[in-house]
Amino acid sequence: MTEILRTGASGRTSFASLTGSGQLVLGVLLVALCLGISAAAPQFYSEANIIAILRQCALVLIVASGMTMLIIAAEVDLSVGASLAFVGCVGMAVLNATDSLALGLVSALAFAGAVGLVNGIVVTLLRVNSLIGTIGTMMMLQGGVYLFTREAVQNHHQLASFTALGAGYWGPLPIPVIFAVAIFALCAVTLRFTTIGRYLYAVGANERAVRLSGIRSARLKLAAFVVTGLCVGVAGLILASLMNAGQPTAGRGFELTVIAAVILGGTSLTGGSGSLFGTLLGVLVLKVIDNGIIILGWNQDLQMVVPGIIIILASYFDLLRSRHHA
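Just so we're aligned, residue 439 is where the sequence shown starts under our numbering, counting upward by one.
Everything labelled a hint here was simulated from the structure, so no lab data went into it. Just so it is clear, CB atoms sit at the ideal spot from N, CA and C, and this is done for glycine as well. Keep in mind that the hints are not guaranteed to be accurate.
[To be verified] With beta-carbon atoms standing in for the labels, derived distance ranges:
(1) L740 with L569: 19 to 29 Å
(2) W608 with I634: 25 to 35 Å
(3) R646 with I559: 37 to 47 Å
(4) I570 with A647: 24 to 34 Å
(5) G652 with I488: 48 to 58 Å
(6) T601 with G691: 17 to 27 Å
(7) L473 with G691: 22 to 32 Å
(8) L569 with W608: 33 to 43 Å
(9) A683 with V743: 20 to 30 Å
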């Protein structure tokens with residue numbers, strides 16, 4: 439067991455030496471983007487625009503924090519976008535039926551956690567590849583949300599406490615940003631300072647060795663899927679609050695943005711290495727690019743093109759890192 443813990447720790451150490459420069463490049467790129475966009479559009483630094491960027495970053499970072507842990511364990515969840523939309527519709531439907539914010543929150547989180555649990559069971563017990571398994575879940579959720587809503591947007595009257603969840607402030611900070619910071623910090627502490635975090639790195643680096651040591655890797659992966667699902671639940675509720683509606687199409691393309699941010703941040707698709715700080719930089723870069731596209735008046739379809747390009751480039755650089763490490 440001690441050897442496995444050392445494997446996880448050494449994996450993080452070697453990865454840090456390989457990706458430190460990568461994170462520096464991301465930081466420089468982020469600064470360059472901010473300077474370039476603000477030079478072309480001075481309103482980029484307006485208070486309203488900065489808050490809008492922070493809200494957009496918060497939604498992605500919440501899910502990307504869980505996704506980083508999952509990819510470190512050498513798995514992936516492509517159903518997060520479809521689940522995000524379904525979560526908002528479930529929460530809004532319960533809120534409409536009961537006028538209880540607590541019941542709406544609990545039901546939405548329970549649904550999101552159940553989706554994560556099902557994904558985990560499919561991967562760990564049925565031994566289905568997570569890429570294929572979660573594509574299947576994604577398709578079921580995309581069809582299921584239309585059956586659930588009967589293709590109608592789930593609107594709700596203005597309930598102050600629910601509206602505050604997405605649009606409110608705590609002091610100068612938007613509430614979604616506070617949720618994102620709390621979840622990011624919790625995941626970061628788990629990965630960095632706990633045995634569970636070291637096991638996740640070890641599972642991703644060498645699952646066979648982990649199993650031989652007596653550690654139940656399936657349980658770790660199952661937990662990572664559930665955590666990712668719960669993160670989707672929080673983000674889905676915040677998004678529904680911002681729109682004051684549950685929309686069946688709300689999460690379209692969201693999974694691409696999340697995965698692009700995680701890979702761009704240096705987390706290896708093969709597992710065993712990664713950094714939540716890198717994920718944070720990846721989220722900031724992507725959302726600043728998105729905001730720049732809007733504020734500069736470019737075609738907004740580019741917001742879907744950019745994550746696709748980034749996934750390809752980041753995957754290529756991940757391959758180069760793996761070869762260098764070997």
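Here is how each hint holds up against the structure:
At about 26 Å, the beta-carbon gap between L740 and L569 stays in the expected band of 19 to 29 Å. About 29 Å separates the C-beta atoms of W608 and I634, a value consistent with the hinted range of 25 to 35 Å. In this structure the supplied range 37 to 47 Å is violated for R646 paired with I559, their Cβ-Cβ distance being about 21 Å. At roughly 25 Å, the beta carbons of I570 and A647 sit within the given window of 24 to 34 Å.
Remark: the range hint 48 to 58 Å for G652 to I488 is upheld by a beta-carbon distance near 50 Å. A C-beta distance of roughly 25 Å is found between T601 and G691, which places it inside the suggested range of 17 to 27 Å. Checked against the hint of 22 to 32 Å, the C-beta distance between L473 and G691 comes to roughly 28 Å, which is consistent with it. Distance hint check for L569 and W608: the Cβ-Cβ separation is about 38 Å, which falls inside the suggested range of 33 to 43 Å.
Separation of A683 from V743 is about 27 Å and conforms to the stated range, judged on CB atoms against 20 to 30 Å.
In summary, the one numbered hint that this structure violates is 3.
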